[in-house]
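With chain S fixed as given, assemble chain P onto it according to the hints.
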Amino acid sequence: MAPKSFYHFLGCIIPHRYPSIESAVKLVFKDLGLGLLDMEGATCCPAPGVFGSFDRVTWATIAARNLTIAEAGGHPITTGCNGCFASLWDANHELKHDDELRDAVNENLAVIDREFKGTIEVWHYVDALYQLAGLDKIREKVTRPFDGVRMALHPGCHWMRPKLIKQKDDSERPRIFRELCETSGATYVPYKDELICCGAGGAVRTADVKIALEFTKQKFDSLLEAGGADVIVTPCPFCELQLDLGQVEIQKHFDEEYTFDVMHVVELLALAFGHEPDEFGLATHLQYMQRKSTPAWEKLGIKVEES
Amino acid sequence: MTSAEEKTAIEIDTPDDSFVQMIKKTGGPNVQNCYQCGTCSGSCPAGSRTNYLVRLIIRKALLGLKEQCISSPELWYCTTCYTCTDRCPQDVKPTDVIKAIRNVAVAEGYMLVPHQKTALKVLEAGHAVPLEKEMWENLREKVGLERVPPNASRYPEAIEEIKKIAKKTGFDKLVAEKETQEE
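Taken in order, these protein sequences are the chains called S and P. For the first sequence, position 22 (counting from the first letter as 1) is numbered 22 according to this note's numbering, and the numbering increases by one without interruption. Each number in this note's numbering corresponds to the 1-based position in the second sequence with 1000 added.
With the rest of the complex left out, here is chain S (with noise of 0.2 Å):
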């Protein structure tokens, strides 16, 4: 039977540095009738790169953690975060085929009295908007088309590389982000190196941010040799955190200025089906905080009063 709420597992960076986005799913799953409950003491899930890159066992006993409050609660998880879909995605997959992993990491739960049992699994955002509540249901709340807008995508990495674990989507030709993105009426803009990592992932972000922001810098030349984009939308909030604070940061490092306007997906999708930016604090994006700005109203083709 399908699932009709989720656990809600939030990470770091959206209910800590991006909450907007918090606020925002929570509005677009209520209209398409879909519930998120609350996942208490989860904790950091945690970031795979990091985590991942020192001990393999500590990384898949941390995520099995968060993983059994959801099988307590015999619901699946659902998260907004590239970072933390791969994470628990990938530690609940390792875990159900790895007996060896399982026992290891079934041994250092013991000490909490948690035991991985494999019951469960991870949707990302959108998983659970593209095959549960489905592109006719997004395009019939769809009140605030984005007509004439430009949208450039960032679909980001681990939703779904790897391809052949994940099965999800043609990784060198994703079409599913895209399709959901375009129910909200913008037009797709393609350019070069949308599919390039935005940089900040595998602990590279917090080893050499310049290095981090060369990558991003890269996307953002791409796609204004194809023309530029009225807005970029994406899946995960690192990369929004990276390509929207990562311009006020290139500014400071590289003395180049962009403004692009970054949204996560179910922030277009908040703004498509007619809630106002201040119902979830589209304005409060970290940007437009250190920049003392606001989103380019005018483009997205949205009336706000002034304040």
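FYI, nobody ran anything at the bench for these hints, they're computed from the structure. A few of these clues could be false.
Mimicking DSS-like on lysine-lysine, the simulated pairs with C-alpha atoms at most 25 Å apart in a straight line are [unchecked claim]:
#1 P/LYS1164 <-> S/LYS26
#2 P/LYS1168 <-> S/LYS117
#3 P/LYS1142 <-> S/LYS117
#4 P/LYS1173 <-> P/LYS1163
#5 S/LYS141 <-> S/LYS4
#6 P/LYS1164 <-> S/LYS96
#7 P/LYS1066 <-> P/LYS1173
#8 S/LYS168 <-> S/LYS137
#9 S/LYS252 <-> P/LYS1133
#10 P/LYS1163 <-> S/LYS210
#11 P/LYS1168 <-> S/LYS292
#12 P/LYS1024 <-> S/LYS166
#13 S/LYS252 <-> S/LYS292
#14 P/LYS1142 <-> S/LYS303
#15 P/LYS1024 <-> S/LYS163
#16 P/LYS1117 <-> P/LYS1168
#17 S/LYS26 <-> S/LYS210
#18 S/LYS141 <-> S/LYS26
#19 S/LYS96 <-> P/LYS1168
#20 S/LYS117 <-> S/LYS166
#21 P/LYS1167 <-> P/LYS1117
#22 S/LYS166 <-> P/LYS1025
#23 S/LYS117 <-> P/LYS1163
#24 P/LYS1117 <-> S/LYS210
#25 P/LYS1117 <-> S/LYS252
#26 S/LYS117 <-> P/LYS1025
#27 P/LYS1025 <-> S/LYS96
#28 S/LYS4 <-> S/LYS96
Coverage of chain P stretches by chain S, computed from C-beta distances (three or more under 8 Å per stretch; other residues unrestricted) [as the list claims (entries may be wrong)]:
#29 1031–1038
#30 1127–1135
#31 1138–1149
Computed from a prediction, not measured in an experiment: that's the story for all the values here. Glycine included, C-beta positions come from ideal geometry on N, C-alpha and C.
Chain P only, in chain S's frame:
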């Protein structure tokens, strides 16, 4: 001095395969599938702007050059985008091999200070990016949410569980030892 004098031939007749076995055990079971085609490095967005070469690291690993692999700063430029993994014709899963080599590097004391700090945050706050300051609570309130989310930021017992796990796996020592070294 010429470079020929500095660099000696690597005896591949008798390679030390203990490093390869370590990698296979730590999450890179297919490392020996590699036939050095270079699809990984050709696909790599980190390799196009840094000295990070996946093919080179895998070649060195197969030759048993453990120290060169684990001490290389470039090892930490992989963003784990998995493009190489999706394109590798030999199913080497290069991203997993790199992560496995990083595991060995960390176990032998090669951990960057910023990474160690991030790891400590998870042990202290339950989150790599903690709620931390009042300004972030204010931001949450501004977007119509409760000031503290229902994760480890609200439930300190969750942090205690993470600490117990880290103690059991020895991860706390791994991070703490590095801290002592830095002092």
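Here is what the structure says about each hint:
no., hint, verdict
1, P/LYS1164 <-> S/LYS26, "33 Å, violated"
2, P/LYS1168 <-> S/LYS117, "20 Å, holds"
3, P/LYS1142 <-> S/LYS117, "39 Å, violated"
4, P/LYS1173 <-> P/LYS1163, "11 Å, holds"
5, S/LYS141 <-> S/LYS4, "18 Å, holds"
6, P/LYS1164 <-> S/LYS96, "24 Å, holds"
7, P/LYS1066 <-> P/LYS1173, "23 Å, holds"
8, S/LYS168 <-> S/LYS137, "21 Å, holds"
9, S/LYS252 <-> P/LYS1133, "24 Å, holds"
10, P/LYS1163 <-> S/LYS210, "32 Å, violated"
11, P/LYS1168 <-> S/LYS292, "46 Å, violated"
12, P/LYS1024 <-> S/LYS166, "22 Å, holds"
13, S/LYS252 <-> S/LYS292, "16 Å, holds"
14, P/LYS1142 <-> S/LYS303, "20 Å, holds"
15, P/LYS1024 <-> S/LYS163, "21 Å, holds"
16, P/LYS1117 <-> P/LYS1168, "20 Å, holds"
17, S/LYS26 <-> S/LYS210, "34 Å, violated"
18, S/LYS141 <-> S/LYS26, "15 Å, holds"
19, S/LYS96 <-> P/LYS1168, "22 Å, holds"
20, S/LYS117 <-> S/LYS166, "21 Å, holds"
21, P/LYS1167 <-> P/LYS1117, "17 Å, holds"
22, S/LYS166 <-> P/LYS1025, "22 Å, holds"
23, S/LYS117 <-> P/LYS1163, "22 Å, holds"
24, P/LYS1117 <-> S/LYS210, "19 Å, holds"
25, P/LYS1117 <-> S/LYS252, "24 Å, holds"
26, S/LYS117 <-> P/LYS1025, "23 Å, holds"
27, P/LYS1025 <-> S/LYS96, "18 Å, holds"
28, S/LYS4 <-> S/LYS96, "24 Å, holds"
29, 1031–1038, "violated (count 0)"
30, 1127–1135, "holds (count 6)"
31, 1138–1149, "holds (count 7)"
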